[in-house]
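These protein sequence lines map, in sequence, to chains A and B.
Here our numbering is used: position 121 in the first sequence is 109, and no number is missing along the way.
Here our numbering is used: position 118 in the second sequence is 106, and no number is missing along the way.
None of these hints come from the bench; they were simulated from the model.
Take the hints with a grain of salt, since some may be wrong.
For chains that are exact copies, the list does not tell them apart, and a pair is met inside one copy or across any two.
Derived DSSO-like pairs (lysine-lysine); straight-line CA-CA distance at most 30 Å [as the list claims (entries may be wrong)]: (1) Lys1 / Lys94; (2) Lys94 / Lys50; (3) Lys18 / Lys7; (4) Lys18 / Lys114; (5) Lys114 / Lys(-8).
There are 2 protein chains.
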Amino acid sequence: MQTKEVVQSFREKTAHYLKQANIVLTEKEKSSIEVADFGLGRLEQVGLQLITYVNTDRYCAKELVLFPGQTCPEHKHPNRANGDRGKQETFRCRTGEVYLYVEGEKTELPKVYPPEDDLQYYTAYKEIVLRAGEQYTIEPDTLHWFQAGEEGAIVSEFSSNSDDASDIFTDTRIDRLPK
Amino acid sequence: MQTKEVVQSFREKTAHYLKQANIVLTEKEKSSIEVADFGLGRLEQVGLQLITYVNTDRYCAKELVLFPGQTCPEHKHPNRANGDRGKQETFRCRTGEVYLYVEGEKTELPKVYPPEDDLQYYTAYKEIVLRAGEQYTIEPDTLHWFQAGEEGAIVSEFSSNSDDASDIFTDTRIDRLPK
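Pulled out of the complex, with its shape left as it was, chain A reads as follows:
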């Protein structure tokens, strides 16, 4: 768990990063930027900053911000308990570079590797490189993780309804819900 001060500094850094990319947030949105450390307490290495623009029962749109080298750990969006299909999501890179890994044929000589301490919790190694203007759609129930390149990255996420509580992380130590 992060201190309030650390979370606030990451929030401010995120707002600044978005502003530099000409992405405008309202003051209310700025103060509601979510800083996720996934309960691992190593935010600089494993973490994700996000702002949810809208999340109805039908669709969702977020802006994801990753600082240089930050990793969002491996997880999937399974079908829901009520029978609804799991979350389908499209990542569109806006700035920087993001390295996305999904289930499938392993890419030899990948651009990046999972955080060293957590290697055992990563299984998806099919690489998709996304640069500004490029996008990829991840189907429900598909394991994936991603890491930003050296400049960090801003990724627009377009998806069906989002429900963090139903996500399944490969790393069972992970607690996704924000504190």
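With chain A's structure known, arrange chain B on it following the hints.
Here is chain B on its own, set in the frame of chain A:
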């Protein structure tokens, strides 16, 4: 109907406008920018430029570009013939200003008016002003139209599945499907 040359020049203008706002498109996307004149042949006044990033059976994301004073005419997204709910959509203004009018209590002294020649085809007059960073969600089967301010506008549209063919325009002369 517009000549190929006019459509191409609007496409290039749109790509330029997006670039200035730091919104990156692939070359393929640039060449697939849709220029809609709604069959009215007055593109500078009544028209919309758009790029569809993704449109699955569950969600859709587009970037809408309006040049100064351009109007997207009044329409609604009814429930589908197969029983699915009509399109629900969120407009998020990225740059410029957009004046959105929806069904509901008429706003006295609105910022703008519909194109003079088409007044009879406009009925929704509840005004919502969107500046960069502001957004509004339009429920299915709700009449709406919108017009850009003096600088034009870029609007991100997040929505459920999009199906132009099912849209209903108040102006029965309108043919939405692109030529």
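Outcome of the hint check:
1. For the identical chains of this complex, Lys1 and Lys94 are neighbours neither inside a copy (34 Å) nor across copies (42 Å), given an alpha-carbon limit of 30 Å.
2. Proximity of Lys94 to Lys50 under the C-alpha cut-off of 30 Å is restricted to the intra-copy arrangement: shortest distance 28 Å within a copy versus 32 Å between copies.
3. Both within a single protomer and between protomers do Lys18 and Lys7 lie at most 30 Å apart by alpha-carbon distance, with minima of 11 Å and 25 Å respectively.
4. In this homomeric assembly, Lys18 and Lys114 come within 30 Å of each other (Cα to Cα) only across copies, at 28 Å, whereas the closest approach inside a single copy is 34 Å.
5. For the homomeric pair Lys114 and Lys(-8), neither the shortest alpha-carbon distance inside one copy (36 Å) nor that between copies (42 Å) is at most 30 Å.
This entry does not satisfy hints 1, 5, going by the numbered hints stated previously.
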